[in-house]
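Student: All residue numbers for the sequence shown refer to the numbering used here, where the first residue is 1 and numbers rise by one.
Derived by calculation from the structure, the hints in this document are not laboratory data. Yeah, the Cβ is synthetic: ideal placement off N, Cα and C, and Gly gets one too. Misleading hints may appear alongside valid ones.
What the hints assert, rightly or not - Here are the simulated SDA-like cross-link-like pairs (lysine to any residue), alpha carbons at most 20 angstroms apart as the crow flies:
| # | residue 1 | residue 2 |
| --- | --- | --- |
| 1 | Lys41 | Gly60 |
| 2 | Lys6 | Ala59 |
| 3 | Lys44 | Ser65 |
| 4 | Lys6 | His86 |
| 5 | Lys41 | His86 |
| 6 | Lys41 | Ala27 |
| 7 | Lys41 | Ala59 |
| 8 | Lys44 | Tyr24 |
| 9 | Lys6 | Ser82 |
| 10 | Lys91 | Ile4 |
| 11 | Lys6 | Gly60 |
| 12 | Lys44 | Asp7 |
| 13 | Lys41 | Pro10 |
| 14 | Lys44 | Lys92 |
| 15 | Lys92 | Phe32 |
| 16 | Lys91 | Ile53 |
As the list claims (entries may be wrong) - Cβ pair distances, simulated, as ranges:
| # | residue 1 | residue 2 | range |
| --- | --- | --- | --- |
| 17 | Thr19 | Glu90 | 31 to 41 angstroms |
| 18 | Ile63 | Arg84 | 20 to 30 angstroms |
| 19 | His86 | Ala59 | 27 to 37 angstroms |
| 20 | Arg21 | Glu88 | 33 to 43 angstroms |
| 21 | Arg21 | Gly46 | 10 to 20 angstroms |
| 22 | Ala59 | Asp28 | 31 to 41 angstroms |
| 23 | Asp28 | Lys6 | 17 to 27 angstroms |
| 24 | Val11 | Gln47 | 32 to 42 angstroms |
| 25 | His86 | Gly58 | 35 to 45 angstroms |
| 26 | Lys91 | Gly20 | 18 to 28 angstroms |
| 27 | Thr50 | Asp7 | 11 to 21 angstroms |
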Amino acid sequence: MQAIVKDVMPVGYFVSLPTGRDGYLPADDLGFSGGLAILRKLFKEGQEITVRIVCRGGAGREIVSVKKPEFAPPSEQKTIESLRLHFENEKKNRMNPRNRRRQQYNNY
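I would like the entire structure built from these sequences, with the hints used as guidance.
Tutor: What follows is the structure, given as structure tokens:
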């Protein structure tokens, strides 16, 4: 089912479904723990994405999931994987004390 991204939040996306109901796509479904910068790079407001309903919620909201990478178009699959690798590497670099020291010396 096609859905349109309505809003990007630090914990996921709110989407508009063709049934007229709203849906929530958690960041965990994409393999991320969240973060606005990461999520804004993956899907933009107004972008159409392919989702499936996982759980029917009350108050007019559904919990949705993106289709698994093997079902996603190759361009979307590459985008998700490249962003995941990029942010994992950034996280490792920030945690490495040697890199922090190098950055401190480079700032002077």
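Student: Could you check the structure against the hints above and give me the numbers of any it violates, in ascending order?
Tutor: 1, 4, 7, 9, 10, 14, 16, 22, 24, 26
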